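Residue numbers (this note's numbering), protein chains in the order written: chain G, 1 to 474; chain C, 1 to 474.
Don't read these hints as lab results, they were simulated from the structure. Keep in mind the model is a prediction, meaning the values are calculated, not measured. There may be inaccurate statements among the hints.
[Unchecked claim] Some chain G residues well away from chain C (every beta-carbon gap over 12 Å; in silico):
hint, residue
1, Val48
2, Gln351
3, Glu459
[To be verified] Straight-line distance between alpha carbons at most 25 Å, and here's what the computed SDA-like set of lysine to any residue pairs gives:
hint, chain 1, residue 1, chain 2, residue 2
4, C, Lys376, C, Glu291
5, G, Lys440, C, Ala62
6, G, Lys15, C, Arg365
7, C, Lys129, G, Leu133
8, C, Lys244, C, Pro294
9, G, Lys13, C, Thr12
Note that CB positions come from ideal geometry on N, CA and C, so glycine has one too.
Protein chains: 2
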Amino acid sequence: MMNRSSSGAAETKSKRIYDLLRERIFQNRYAAGDRLPSTRDLSGELGVSRSTVVEVYEQLIAEGYLESRPGSGTYVANLGKRQRSEAFPHAAKEDGAPAGLPENPVPFRGIDFRPSFPALDSVPVRKWKEAALTALDQASAADFGYAEDPAGREDLRVILCRLLLHSKGIRCKPSQVIVTSGATQAIALLCRLLLQPGDVVATEDPMAPFIRQIFVSTGAELLPVPVDEHGLRVEELPATPRPKCVYVTPSHQFPLGGILSIGRRFQLLEYARQTGCYVIEDDYDSDFRYEGMPIHALRELDEERVVYVGTFSKTLFPALRIGYMIVPHHLLDPLLRLKRLMDMHGPTLPQAALARFIAERHFERHVARMKRVYGKKRSLLIACLRDTFGNGVRISGDAAGLHLIAEWPDCRFDSRTVALLERQQIRIYPAERYAIVRGKHENRLVMGFGNLAESQVEEGVRAIAEIGPGIIRR
Amino acid sequence: MMNRSSSGAAETKSKRIYDLLRERIFQNRYAAGDRLPSTRDLSGELGVSRSTVVEVYEQLIAEGYLESRPGSGTYVANLGKRQRSEAFPHAAKEDGAPAGLPENPVPFRGIDFRPSFPALDSVPVRKWKEAALTALDQASAADFGYAEDPAGREDLRVILCRLLLHSKGIRCKPSQVIVTSGATQAIALLCRLLLQPGDVVATEDPMAPFIRQIFVSTGAELLPVPVDEHGLRVEELPATPRPKCVYVTPSHQFPLGGILSIGRRFQLLEYARQTGCYVIEDDYDSDFRYEGMPIHALRELDEERVVYVGTFSKTLFPALRIGYMIVPHHLLDPLLRLKRLMDMHGPTLPQAALARFIAERHFERHVARMKRVYGKKRSLLIACLRDTFGNGVRISGDAAGLHLIAEWPDCRFDSRTVALLERQQIRIYPAERYAIVRGKHENRLVMGFGNLAESQVEEGVRAIAEIGPGIIRR
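Extracted from the complex, chain G is given alone in its bound form (with noise of 0.2 Å):
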């Protein structure tokens, strides 16, 4: 048979006679029961070697083409209906154009007021890049095969627990980590696990759009709960229907930045208990906390109703994909049967690469001289804020975290005031857009300040009173 290893002249050869063949079989200028020509009478035809064309036969063969009857011949074998399809690849242009698809965004290149996102000029690279090169230089031979434990890389989940001992006094065992791809997948495979259909799932309103689209994907019924400034009104939880579980972000409500206070703590789980359903605590940027200490995480609690989900895109870059969660006993195995059946496990060669990065606290270093860097922008952009609107604009949600609330009493965020900024490249993100229920957020902003420079901040603010209907300026 025909072995690629051959010489690409031959193997070119054959490979035009295959495609001949092949094409008048299904031209029907071959019919089924057809007697193909001798190889020798082919060869003579084509003027190649007679062999080209015996393994051109074999190959036909094999793939049922055609049948060899022994002593007879070659014949052209019975292929049934033989249609393909209008969209036969020939005829699908290779110039990589979408076909009636949306364009990809084009990424905004302006002042991008976009919250909870990280300073993407200031990934440690070189710091990243040796982890990762190091990582690769140890790796074993098994390190690149399937690994054993969907819930990721030991060596990661042990030293997660260190960090997340010291980082934040969260006090959880290796085994009860689950490395997943970015706190997304961790949601996905909660909803996939706890959620059926017609189900209810409580939610934090206004929420994160995104975190809102999962829920609903699973087909649940969403139940939006209020949030003021102590985060979720957990009094507002209703008796019935019962929510399966309840999504709270409550060390820094997204977006509105408040935490949720220690009674509702209390009240929240003492509800978890009565009504039988989980919490799923979205961790998502409290490592970078400008005024007191760490908040307690709500798991520390009650292990056993909450689930705690954090991630490292805030941290390092959302790129990396790395996200996990820390998982009550009865939820571990069904949630790793999940995470198997879903994509079997994460790439394990950035986990070794992140465990490395931590273990050499590459990490702390990092969200240290980040919170510096955060805490510059953040005081910048309240110093531009005061500046410009004085008394006239109220502040909060900026104990902590990418973002903060601006809030403009007699003031009204609509399209208009986003789309004409938005053509001055400047994008806004009134608080309305995050809310459930509407109408309550309609003069509030809320303001990322993670990925810009400070020049952005200050012509950012700038722009925003220019143009922002009813702004009060000093």
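Given chain G, put chain C in place with the hints provided.
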């Protein structure tokens, strides 16, 4: 307020006082409504500066433990019921020992005939490292952010289309490709999209148990269709119930190794059109073809009915977790939506590294080299089987891939045989293990040779000959 950038000593001091007060509140020594000592008094009592106590009070107010009543003092807030769960974390052990969970399976260190498993000692680590480094060096700031497109990096999708055209004659556009976390995620997403509980999915029998689990986990009913040496016996697909999709491995049936004949391909696609179902083409190992030219993809015959699923797990390494699918027009948008809700998008730096690795032709060279390596192992395994069993063994399914089928007419590989060999550190894989309808493949072994050293091939066959009950020796 306490700022963590303040000196370490001060920080520790305020942390201690914070913990002390918090514990007193938890223990009800300070009850709801109690007025706390003035900051002056407490600072005297504890021997710390007044500002430290002020800091701690402010933190506890922010978290909702205390309330400040202006002009009156600081009071303990009403925390309601304040039950901490039994599993309060201070009780959790930190020794990292899994709590009531099965230990990770110990990696098998003997001779493992695991099929479809690549040679982990031949991973092109140096070249891969170069590609990964260059990808990091050339990454723009935006490359560290979230990708706009859940389909994966465009440079990878473009070069992948070129690679597929050259190596397998597959014509597709980058916009038709979705990069996934291994073939697993591609199949999981397809299941999620195409199958509802109660639906029917037709699969080859035997098949990979793991893929079977993914199908079954959707709640769909599995309809096993037998295979023979020409692949799926398409004529046994039922008129009713109509499956929502048919899963096939047409280039090299897993595990039996047949090529789906062209006649059956037409028949299968005709069936798909008539019943309105999709065909999932899992091309898991056709890169390593030892006889003849590459087998055409089933997708070539109908781009709108066939979803082609590919993977880099066998050609590069499994830990990479990069697979892909080429998607019919109608499924593209829903699959992209699902992928986004599942994990936003895959990690993009390894994708950039892979794009570079392919663009610089390292991939083609590696596959060509590995084809020689695997070809040698395959020949050795066949020679060992022939030397040991003569005509007593029938070898099939060996034209491609990393495994073959060995069949002994009067033999039966039961769990006892498996256990006996396992005790000798030889792991074998009876074909029966992959069967849905049992009892048809008891005299067959699926023999993977990809990750075995030559000496292991010889030793493994010898051990099978010595222990295999009913195996006819020459």
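Hints, verified against the model:
Its beta-carbon lying about 15 Å from the closest one in chain C, valine 48/G satisfies the requirement of being farther than 12 Å from that chain. Here glutamine 351/G does not stay apart from chain C, with its beta-carbon only about 9 Å from theirs, under the 12 Å limit. Even its closest Cβ contact with chain C, about 19 Å, leaves glutamate 459/G beyond 12 Å, as expected for a residue assigned away from the interface. This hinted pair checks out: lysine 376/C and glutamate 291/C have alpha carbons roughly 13 Å apart, not beyond 25 Å.
Taking the CA atoms of lysine 440/G and alanine 62/C, the gap is near 24 Å; set against the 25 Å cutoff, the hint holds. For the hint pairing lysine 15/G with arginine 365/C, the CA-to-CA distance comes to about 21 Å; that is within 25 Å, so the pair holds. The straight-line distance between the Cα atoms of lysine 129/C and leucine 133/G is roughly 7 Å, inside the 25 Å bound, and the hint therefore holds. At roughly 29 Å between alpha-carbon atoms, lysine 244/C and proline 294/C are farther apart than 25 Å, so this suggested pair is violated.
For the proposed pair lysine 13/G and threonine 12/C, the alpha carbon gap of about 79 Å is over 25 Å, so the pair is violated.
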